[in-house]
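Peer 1: Below, each chain spelled out in residue letters.
Number of protein chains: 2
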Amino acid sequence: MFFEGSEKKVEMVTAPEAGSLRAMGKDFWAGVVTKAQADILDTISNEHCDAYLLSESSLFVWHNRFLMLTCGTTTLVDATLHFLDHFPLEHIHFASFQRKNEYQSHLQKSAFEEDIERLSQRLEGCAFRLGHLDSHHNYVFHLDKPYQPESDDSTSELLMYHIKGKNADYLRTEGQTVEGIRNQLRLDEILPGFAISDWLFEPFGYSLNAIKGDRYATFHITPQEDSSYVSFETNMDLESNHVISVLLEALNPGCWDLIGFNADQTLPEGQDYQCVSSCDLPLSCGYDMSFRHYQHSGHARVEAEKL
Amino acid sequence: MFFEGSEKKVEMVTAPEAGSLRAMGKDFWAGVVTKAQADILDTISNEHCDAYLLSESSLFVWHNRFLMLTCGTTTLVDATLHFLDHFPLEHIHFASFQRKNEYQSHLQKSAFEEDIERLSQRLEGCAFRLGHLDSHHNYVFHLDKPYQPESDDSTSELLMYHIKGKNADYLRTEGQTVEGIRNQLRLDEILPGFAISDWLFEPFGYSLNAIKGDRYATFHITPQEDSSYVSFETNMDLESNHVISVLLEALNPGCWDLIGFNADQTLPEGQDYQCVSSCDLPLSCGYDMSFRHYQHSGHARVEAEKL
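Line order of the protein sequences matches chains A and B. Heads up: the first sequence begins at 2 in the numbering used here, then just goes up one per residue. Heads up: the second sequence begins at 2 in the numbering used here, then just goes up one per residue.
Wrong hints could be hidden among the right ones.
Identical copies carry no separate label here, and so any pair may be met within one copy or between two of them.
[What the hints assert, rightly or not] Taking lysine to any residue pairs in the SDA-like style, the calculated list, with each CA pair at most 25 angstroms apart, reads:
hint: 1; residue 1: K165; residue 2: C276
hint: 2; residue 1: K146; residue 2: Q275
hint: 3; residue 1: K110; residue 2: P269
hint: 4; residue 1: K110; residue 2: F3
hint: 5; residue 1: K146; residue 2: Y171
hint: 6; residue 1: K307; residue 2: S279
hint: 7; residue 1: K307; residue 2: E118
hint: 8; residue 1: K307; residue 2: P283
hint: 9; residue 1: K307; residue 2: L82
hint: 10; residue 1: K165; residue 2: S111
hint: 11; residue 1: K307; residue 2: D145
hint: 12; residue 1: K307; residue 2: F129
hint: 13; residue 1: K167; residue 2: E18
These are calculated hints, taken from the structure and not from any lab test.
Can you make the complete structure from the sequences, with help from the hints?
Peer 2: Here it is as structure tokens:
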């Protein structure tokens, strides 16, 4: 029942001369997705963005930006190189490629080091690991080129592990419904007015894309007890609302990572959790990246897992 | 400069009818070591035990028991199967095979699952993981056969990560000496009267075997800043002395694992560290196995690692 929920992520910004990325059309993007060994399951669009829900995570395409997340053992680096085949390098203003720490990295088709070796043949970039190797960490490779993000261009990634409690139990129950999961995640409260595209996988697992204007949010839930993982990512301003605390309350993770690009949230102190390690890194591509690993305080008695 | 200090470990107890394992001779054991892709560097012996210091860790051979630890990308499962080629299964009273969590498991020649698949073709056993997959953990496979360990048969493994401070700095300095390291580890205090065999590797790294009667202890130090690891293992009774606190004080690790087989130490409370997760498992082969992961309290600011 093991499934690697942890995602790889690519994000690129293109020059106006590249034309609209949305105008490349669904066939082009389906080709990109296929290269990652995933499929498109559902699509929603508004005046800014096409949001594709994938068999393994998500793709968002704006006129001059795209963002693709893929989980499992997908080959996102192949999709990235396929995209780059269609654009001269001078049309790429910004590019980043991330890998989160995987539960079982030896089952992946490539290691981050192998991915960046291939990317480096096309993009002059640099790569970093934020966080210790033997604990939670995040890898990032980015194009080493000055870029000036807009003031409202910030991204927050909340990666939750070892979810517990009645909502977590529900997510592991056969017969769960889309409606039930939406209620658990309190979507009305955290994504008011967003257009939603979501998908319930068999026997478990749930993905959601949401868009409103040029804002997006995406959820991916791998509920399996031994390796549970829920990711939430958005370019909404999280300072002004309580999205993170709502999600921590709803899913009760044993630990979580909070990653920001020009979005350095600090969670309120004096809770029953602590930030056990953090890493801040100003990237030469114009984003300040932050990585924080949080754990519930106190001692966890873990059951041995029979293999 | 990355080196995987984390060890694989095999331990077996043989029946009297198997004859003395020591009498198999150094050539036999050198053959076993070669199968793991390691070499013998040094040997010490007393009336109970031959202790071989290896290019990658250690081998201890008693009359009816042996224990082998190998680090790096060695293939300990091959050595284990080679040993089993020489003995009928009914001569094996006890067998266990452990893998600790590795810094970079994708660089290993095999995964634990693959090792136990091969071992299971020869030994009827069962396998467990103690500790969460995405944090520190320990894998164990053992022969599923009743065994009654002697009352003084207990093993403690102390695995220290992210060592800091002046002793850690010394271990990363060129020109360090065996004498200097012995003083740092306060060997006179923690291993009084033990015969010692030790080795300083180029440019860094240190291994030590120690024996006294039928007691053994072994140290392996991988000091490299990004992936530092120091393992200490012994069958001494640690309740009666202060070995663990001496080592924690000397090496100041950011976190550590304490693994016991019929040796459930609890470290004193009220220190500047906490036990963040634990797992206890009575094995059907007669040992109670315990796994404890400790972390220094408070927040660690981690530097980003340029790749």
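Peer 1: Against the earlier hints, flag every one the structure doesn't satisfy and list their numbers going up.
Peer 2: The structure conflicts with hints 2, 3, 5, 10 and 13, although it agrees with all the remaining ones.
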